[in-house]
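Number of protein chains: 2
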Amino acid sequence: MTPFEVTILGSNSAVPTPSRHPTSQLININHHYYLIDCGEGTQIQMRKFGIKFQRIEHIFISHLHGDHYFGLIGLLNTMHLLGREKPLTIHATKMLREIINIQLSVANTKLNYPIHYNYLEDNKESVILRDANVEVIATPVDHRIPCFGFVFHEAQRPLKLNKERIHSLQLGVEEIKELKQGRDIKRGGETIFVETVAEPPAIRRKYSFITDTKPNDSYLKVIENSDLLYHESTFMGDASLRAIDTFHSTNLQAATIATKTNCKKLVLGHFSTRYTKLEPIKEEARTVFENTELAIEGTTFKIEN
Amino acid sequence: MTPFEVTILGSNSAVPTPSRHPTSQLININHHYYLIDCGEGTQIQMRKFGIKFQRIEHIFISHLHGDHYFGLIGLLNTMHLLGREKPLTIHATKMLREIINIQLSVANTKLNYPIHYNYLEDNKESVILRDANVEVIATPVDHRIPCFGFVFHEAQRPLKLNKERIHSLQLGVEEIKELKQGRDIKRGGETIFVETVAEPPAIRRKYSFITDTKPNDSYLKVIENSDLLYHESTFMGDASLRAIDTFHSTNLQAATIATKTNCKKLVLGHFSTRYTKLEPIKEEARTVFENTELAIEGTTFKIEN
Chain W
89 MTPFEVTILG
99 SNSAVPTPSR
109 HPTSQLININ
119 HHYYLIDCGE
129 GTQIQMRKFG
139 IKFQRIEHIF
149 ISHLHGDHYF
159 GLIGLLNTMH
169 LLGREKPLTI
179 HATKMLREII
189 NIQLSVANTK
199 LNYPIHYNYL
209 EDNKESVILR
219 DANVEVIATP
229 VDHRIPCFGF
239 VFHEAQRPLK
249 LNKERIHSLQ
259 LGVEEIKELK
269 QGRDIKRGGE
279 TIFVETVAEP
289 PAIRRKYSFI
299 TDTKPNDSYL
309 KVIENSDLLY
319 HESTFMGDAS
329 LRAIDTFHST
339 NLQAATIATK
349 TNCKKLVLGH
359 FSTRYTKLEP
369 IKEEARTVFE
379 NTELAIEGTT
389 FKIEN
Chain C
89 MTPFEVTILG
99 SNSAVPTPSR
109 HPTSQLININ
119 HHYYLIDCGE
129 GTQIQMRKFG
139 IKFQRIEHIF
149 ISHLHGDHYF
159 GLIGLLNTMH
169 LLGREKPLTI
179 HATKMLREII
189 NIQLSVANTK
199 LNYPIHYNYL
209 EDNKESVILR
219 DANVEVIATP
229 VDHRIPCFGF
239 VFHEAQRPLK
249 LNKERIHSLQ
259 LGVEEIKELK
269 QGRDIKRGGE
279 TIFVETVAEP
289 PAIRRKYSFI
299 TDTKPNDSYL
309 KVIENSDLLY
319 HESTFMGDAS
329 LRAIDTFHST
339 NLQAATIATK
349 TNCKKLVLGH
359 FSTRYTKLEP
369 IKEEARTVFE
379 NTELAIEGTT
389 FKIEN
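Going line by line, the protein sequences match chains W and C. Under our numbering, the first residue of the first sequence carries the number 89, and numbering increases by one thereafter. Under our numbering, the first residue of the second sequence carries the number 89, and numbering increases by one thereafter.
Hints were generated in silico from the structure; no laboratory data involved. Careful: at least some of the hints might be erroneous.
You can't tell identical chains apart in this list, so a pair holds if it fits in one copy or across any two.
As the list claims (entries may be wrong) - Derived SDA-like pairs: lysine to any residue, alpha-carbon spacing no greater than 20 Å straight-line: (1) K390 / E312; (2) K251 / E266; (3) K365 / N206; (4) K198 / S306; (5) K174 / Y121; (6) K136 / R362; (7) K198 / T334; (8) K136 / M324; (9) K136 / K365; (10) K182 / N206; (11) K198 / I233; (12) K268 / A102; (13) K212 / R108; (14) K352 / I391; (15) K140 / T361; (16) K136 / T361; (17) K136 / E385; (18) K136 / R108; (19) K140 / K352; (20) K370 / M324; (21) K182 / L192; (22) K198 / I187; (23) K352 / I280; (24) K198 / V103; (25) K302 / T361; (26) K140 / R362; (27) K365 / R135.
Please read these numbers as outputs of a predicted model, since none were measured by experiment.
Pulled out of the complex, with its shape left as it was, chain W reads as follows (with noise of 0.2 Å):
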């Protein structure tokens, strides 16, 4: 089965520390890599679990808090002193670009690879990307700063066909790769169906990720049914207060979410510094989710539905 995982390489809020690192996860679809959010070191972790960070395509980054973005800037001028030539595309509110123009411009630096800007704009759900590995769909969600969750949704795969359906209708080539593609072929008058060939199509696998925010009905209908809902939970369920007032979520908020929308699991990240334990996190979430766990640095969750 060709990947689909997503490897945590931070999950702390706010404050970095040698342990816990603030918010970054490198998402692998069929060999394709995207990075969402970045923390600073981001770079450093990437290096630090062996992932080959050239190979990035496109960078997201939900909200300009330092805690998603202060480390992107060095990334992107480590990628360019490495040599990097092929394109990236970061998808992120307006104002990034101009931070981080400025920044290339002092240094004089004019980077060796063109980036491509696309804009998130205000509170509007719209698909943000769609290539041959996945679609992805920008959901605003509600925090103190414009701030975007995102869904990620694989490609539909290509058809397999049945071997003896092929041999038996004696299909050429070109009428495979249309089969495959889930088109119906004609043949004189005659209309060959692909329901008729091909085997059912493989499930479309769905990763969700939803932080900063309070919880909020708007982004519910989007992430629904995913494999692995990645949601904040930046509090535990005694601090719910503390949460409105920062318009952040807790963990009980979380897990009730993963179960409303009918998620499969869910990872739960954005971790307050106040929690020195985060067992804990875990335990209370399964109270109302049971398949729920925790987004420790390095670990990488493979969805294979």
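Mind docking chain C on chain W? Use the hints.
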């Protein structure tokens, strides 16, 4: 003896790795903290080495290449989140302020503490700080963009008075205070000269920090007789042409400068990532200047003359 020491937080050039971080040093002079440069991950390094970074009063940024300041915005943000209220002074070229402010502004962050900016002016050597502990001189060096070295010259400490002379002259509290500051006192028509009461003044300790630069005569005078000289040494002797091209120095050039300027000890840093082993850099430099050490992160160099 009051401390006068330099702790290396990072000394790699250009690109950070898990074991070699970009430039940053903490200077402790009489328990007052001064930070020089602040590459990505500096705040994490300080936590790792148990340095209380809220004690930092002044930050000096040599120049605006990323490996010397990309960690600054994160440090400033963390100081804020942890409740700092006391002022901080940043000595840097002018554009740094704009880079910091745009990032605070997009995050809607209003710092709890004031930052005072002291702009370093192009091509001008000047005293940029004089307080009870130290005098700091900024000296322009020769790099691809405006860049400054810094010389830390310990303030004259109060003189030690000879106890027997205090007794025999029956000196009062105010008289002792004046004499300790190196000022003669008057009693009626009579003058009591400092030299007749005080021990010879302690020699003022001196630390010079020179990076990134080609070797240049312009800064030789100001670093003369340093107890400790940190000089960049991006390359080894056989890469001197590459050093010229990139406006950097070799270890042999750094050692020659230490000799010429009569410094007591040389510390080499800003190592190119091409060198996986650092010992040979030191060994080669010692053929020119014997008392040479490497700026290995985590090392503290104490000046105890």
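For each hint, the structure was consulted:
1. Taking the closest pair of Cα atoms, K390 and E312 come within 20 Å of each other only inside a single copy of the chain (19 Å); across copies the shortest separation is 60 Å, beyond that limit.
2. Taking the closest pair of Cα atoms, K251 and E266 come within 20 Å of each other only inside a single copy of the chain (15 Å); across copies the shortest separation is 102 Å, beyond that limit.
3. Taking the shortest Cα distances, K365 and N206 never come within 20 Å of each other, neither inside one copy (38 Å) nor across copies (42 Å).
4. In this assembly of identical chains, the alpha carbons of K198 and S306 never lie at most 20 Å apart, being 40 Å within a copy and 29 Å across copies at closest.
5. Only within a single protomer do K174 and Y121 lie at most 20 Å apart by alpha-carbon distance; the minimum there is 13 Å, versus 43 Å between protomers.
6. In this homomeric assembly, K136 and R362 come within 20 Å of each other (Cα to Cα) only across copies, at 18 Å, whereas the closest approach inside a single copy is 26 Å.
7. Taking the closest pair of Cα atoms, K198 and T334 come within 20 Å of each other only across two copies (15 Å); inside a single copy the shortest separation is 39 Å, beyond that limit.
8. Taking CA atoms no more than 20 Å apart as the test, K136 paired with M324 passes in neither setting, with 30 Å inside one copy and 27 Å between copies.
9. Taking the shortest Cα distances, K136 and K365 sit within 20 Å of each other only across copies (19 Å), while inside one copy they are farther apart (23 Å).
10. Taking identical chains as interchangeable, the C-alpha atoms of K182 and N206 lie at most 20 Å apart only when both belong to the same chain, with a minimum of 8 Å there against 30 Å between chains.
11. Proximity of K198 and I233 under a CA criterion of 20 Å is satisfied inter-copy only: 14 Å between copies versus 30 Å inside one chain copy.
12. For a Cα distance limit of 20 Å, the shortest separation of K268 from A102 qualifies neither inside one copy, at 47 Å, nor across copies, at 48 Å.
13. Taking identical chains as interchangeable, the C-alpha atoms of K212 and R108 are never at most 20 Å apart, the minima being 32 Å within one chain and 42 Å between chains.
14. For the homomeric pair K352 and I391, the shortest alpha-carbon distance inside one copy (10 Å) is at most 20 Å, but the shortest distance between copies (61 Å) is not.
15. In this assembly of identical chains, the alpha carbons of K140 and T361 lie at most 20 Å apart only when taken from different copies (17 Å versus 29 Å within one copy).
16. For a Cα distance limit of 20 Å, the shortest separation of K136 from T361 across copies, 16 Å, qualifies, whereas the shortest one inside one copy, 22 Å, does not.
17. Within a single copy, K136 and E385 get their C-alpha atoms as close as 11 Å, and across copies as close as 18 Å, so both meet the 20 Å cut-off.
18. Proximity of K136 and R108 under a CA criterion of 20 Å is satisfied in both settings, with 14 Å inside one chain copy and 12 Å between copies.
19. Taking identical chains as interchangeable, the C-alpha atoms of K140 and K352 are never at most 20 Å apart, the minima being 29 Å within one chain and 43 Å between chains.
20. Taking identical chains as interchangeable, the C-alpha atoms of K370 and M324 lie at most 20 Å apart only when both belong to the same chain, with a minimum of 9 Å there against 52 Å between chains.
21. Proximity of K182 to L192 under the C-alpha cut-off of 20 Å is found in both arrangements, the shortest distances being 17 Å within a copy and 15 Å between copies.
22. Taking CA atoms no more than 20 Å apart as the test, K198 paired with I187 passes in both settings, with 15 Å inside one copy and 18 Å between copies.
23. Taking CA atoms no more than 20 Å apart as the test, K352 paired with I280 passes in neither setting, with 36 Å inside one copy and 88 Å between copies.
24. In this assembly of identical chains, K198 and V103 lie within 20 Å of each other by CA distance solely across copies; the values are 17 Å between and 31 Å within a copy.
25. For the identical chains of this complex, K302 and T361 are intra-copy neighbours only, at 18 Å inside a copy versus 43 Å across copies, given an alpha-carbon limit of 20 Å.
26. With identical chains, the CA atoms of K140 and R362 are at most 20 Å apart between copies only, with a shortest distance of 18 Å across copies and 33 Å within one.
27. In this homomeric assembly, K365 and R135 come within 20 Å of each other (Cα to Cα) only across copies, at 18 Å, whereas the closest approach inside a single copy is 26 Å.
Taken one by one, the earlier hints fail for this structure at numbers 3, 4, 8, 12, 13, 19, 23, listed in ascending order.
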